[in-house]
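Starting from the given sequences, assemble the full structure and let the hints guide the process.
If you're matching them up, the sequences are chains A and B in order.
So in our numbering, spot 68 of the first sequence is number 652, and the numbers just go up one at a time.
So in our numbering, spot 112 of the second sequence is number 696, and the numbers just go up one at a time.
Because the hints were derived from the structure by calculation, they are not lab data.
It cannot be assumed that every hint is accurate.
Pairs involving identical chains hold if they fit within one copy or between any two copies, as the list cannot separate such chains.
The calculated EDC-like cross-link candidates involving lysine to aspartate or glutamate, where the alpha carbons are at most 20 Å apart (straight line), are [as the list claims (entries may be wrong)]:
no. : residue 1 : residue 2
1   : Lys1075   : Glu1028
2   : Lys998    : Asp690
3   : Lys998    : Glu689
4   : Lys998    : Asp683
5   : Lys1075   : Glu1030
6   : Lys998    : Glu632
7   : Lys1075   : Asp811
8   : Lys696    : Glu662
9   : Lys788    : Glu888
10  : Lys1049   : Glu1024
11  : Lys946    : Asp890
Given the structure is predicted, the values throughout are model-derived calculations rather than measurements.
2 protein chains.
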Amino acid sequence: MPRRWNCRGPRPASSSQPSREREREMEARSPHRSAETLTQPEVLAGPETLDPPDWSFVAALAHRIVDDAVDHVGRVRERPVWRPMPETVDALFRAPVPDRPTPVEDVYRLVKDAVLAYPMGNIHPRFWSWYMGSGNFTGALGDFLAAIQGSNLGGGSHAAALVDQQVVGWLRDMIGFPETASGTLVSGGSVANLIGLTVARNVKAGLDLREEGVAALNQPLRVYASDQVHSCHRKAVETLGLGNRALRRIRTDSRYRIDVAALRAAIGEDRTAGMRPACVIGTAGTVNSGAVDDLSALAEIAVEEDLWFHVDGCIGALISIAPQNAWRVKGIERADSVALDPHKWLHAPFEVGCALVRDRTKHRETFAVSPEFLQGMPRGIASGQWLHEFGFQTSRGFGALKVWMALMEHGVAKFGRLIDQNIAQAALLANLVRSHPPLELIAEPEINIVCFRYVPEGLSEERLKEINVEIMLRLQETGVAALSDTTIRGKHCLRAAICNHRTRPEDLTLLISEVLHLGREVSQT
Amino acid sequence: MPRRWNCRGPRPASSSQPSREREREMEARSPHRSAETLTQPEVLAGPETLDPPDWSFVAALAHRIVDDAVDHVGRVRERPVWRPMPETVDALFRAPVPDRPTPVEDVYRLVKDAVLAYPMGNIHPRFWSWYMGSGNFTGALGDFLAAIQGSNLGGGSHAAALVDQQVVGWLRDMIGFPETASGTLVSGGSVANLIGLTVARNVKAGLDLREEGVAALNQPLRVYASDQVHSCHRKAVETLGLGNRALRRIRTDSRYRIDVAALRAAIGEDRTAGMRPACVIGTAGTVNSGAVDDLSALAEIAVEEDLWFHVDGCIGALISIAPQNAWRVKGIERADSVALDPHKWLHAPFEVGCALVRDRTKHRETFAVSPEFLQGMPRGIASGQWLHEFGFQTSRGFGALKVWMALMEHGVAKFGRLIDQNIAQAALLANLVRSHPPLELIAEPEINIVCFRYVPEGLSEERLKEINVEIMLRLQETGVAALSDTTIRGKHCLRAAICNHRTRPEDLTLLISEVLHLGREVSQT
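Structure below.
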């Protein structure tokens, strides 16, 4: 059979000069010293590879993709925020896996026509649903370059691992954690919170919980959080084997912040009942209304009561870099662990979250395992740190690069100003709501989340919910704006979470006028 | 102050035609109906944005990046697998977060010179350390496009969510799971295994474990796996509150597969001792030597003993698509849950793993929470499925796209052939080892992992380890090849895991000749 696998393979078509020097160097250090004497296989197929037969063709396609991408992001304001998918698109994504190849340019055409054209919408200036960042072009280049380099962030001695730890250090510094703190980039806030609570559980167990498990505890652990706490914390205590009942929700004050007196009372009650208060979760920015717990007060209580102090800062931790609003999250620097999300207010393209832990030793002791195939070395690839010793993942991608590139490009001060800008925009929107009856402000915005509704006189709560849901759906369906809805203390409302570097005040005035218009239209039917 | 925020912002510089029709449509549906009457803010700063002032400049940079990327991947064979970082690079990544901006082209120059130049090495044809895929260019374009679109895979009605579920369906079909099975793309195998074991724990608890926690169990749960099981399973049982002691390691046979008789005996012992056998983990491809447990036998035992049958298929599940070797993982289709890794043998750039669960209801019941801010809707963005109900994450990135594009481009049959090719290459390498004393084959390769060592006569095990570690380090430091090492039944050895679509037989003959050369060099010192 032909020795196809002996050929050198196609050359890339790109413009840069081949490094003849490097080639010679490699040839010199890699002579086939005794290759001729080695048995050659006769039965080996191929070899095949995923590399293209013609790099110049791939390069040309990639250039087209870049142009389309610039157009896609640069003109996002001209498109609807969201639009429903036609059935043809839906059907396309129900086809079975293809056995045979499709030319890559045809694959891209499908992506362009059927994927890019029907987005979630969160890169749009008028997307304010749930809570998402809006991405940035440099970050997308970062994801591309990370994938090109391909490094695995499980650990080792290579540049990506250093960038990863540098970004963790930057985030650590942003919230005022000490240099000795540790951290890990993860998929997002839910896992970052789970990491913090895992360390909390193990540290506060009073026995070797890794070995013995939760059943060995002589007192049930208790975790405290406000009744506004994100649902991921329920998942976390369930995952950790503590059970949902271990998470005690504490009532909130008129501003939806944890009631500190009620927290103290609950801790006392639980001690009396034979339970072990282990952890208090402070929320820096609740998902419903953006409330920020009194973190300094919680830090005090944690010290007094010997609790682990975890801050869920997925929404608000990074307010610490915003000059006009940093005071709102004062006290976060006293936490034992913090979860935060660069894919929110740093606008890193999805996904990247971060867990930070004040005590590096306790963090590592929660997750480190040292199997025989992952031993460290004094030199070589394995001479770096094993980063998998700080979380659930073994292999890990290079999500750090998109964060690093955007922070290098813009500087952290600008991200701080953008956070201030969003908070000011929420205040503007609240003012607009207040000055436009029959709109009703449901919660005074603490930061960048505005809850309001359209309330014509004399209608039941049920009818009001119908009307406001319909307003929300029509805003989405017309592509004008994306809001979501929620229910706060029994009142259903529309909710705008302005975590968006593309939003302008004119977008907010447009929202108000559209809601008023749709409200009239809907309530007349 | 100037109303800078009223200006329209710079236009993208790309070539495609502006859609005047779309613009008119948007203007028609989004008139500033009453905007003139709305209060305008006087104190709002900016607004600033992360978008560039000049898109044409960014486009030009992106074109340069594409050329460099093609060169980087296309010429990877000409570069060393890995090289140590100079101190100047190390220092660069210890700098604090910049407050001020840096021109984006300078940021990219740093990435090119200091990041791309010092990789982990796993895209290189002679990288066989640990166990990693080697990426592919189309996948990198996929990551770029995913970041450009920016969609959040937490759920909702948009194309990315459909692509995500289509890829899950494709992976489900590849391992022969029924159409009714569910799945979720996750960071990687460790989390995929954790998801499978979480469902197993909750289903086999015999009470409402989510609510009550592990302490409420009247019998301790037991999980069984071979003594070759990956370390992530220890992390998993620890995380789940079962404790490391809940994971019973069963001895392996001469081929490092779980000893089925010993497993049966252990289950019997545990029942007698009052414990509740809950789950057996079968490994399809151990990390040490690539051993594949007898999955059909484990499926039988699971039925007989009423156990959850989880398969850790991170390394080997996808052998099910390889025509010559699929028989090796027969029985995987009978599992209750499977973890697998598209960033291994599908060569998706890091990171993407997948958890599959046969019983969709049980899967969802383990993770679903329905907070008030995440209610489904009959229409609009929230009319899609909530994908966060199947795992730990709430927000999630669009890692599916890189898998989708590569599978569309090449077809699944080619990936199957590439797996066969790697397994044939491992057999070749083993033959080369056997025919070149003083090399010693430590374990007959089952699939694509070859464990061997350089064994000159008359040396102690300690000295042999020193010599082989030194061979490994010099291979890495000269950039010739990346192997890792491990210890199997007390014997330290070199380990080549050939999960690499760029490897050619000539790379393996080069490896042998270099190991022989370095072995002589090292053992003479």
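> Of the numbered hints stated previously, which ones are contradicted by the structure, given in increasing order?
Replying inline: Hints that this structure does not satisfy do not exist here, as all of them hold.
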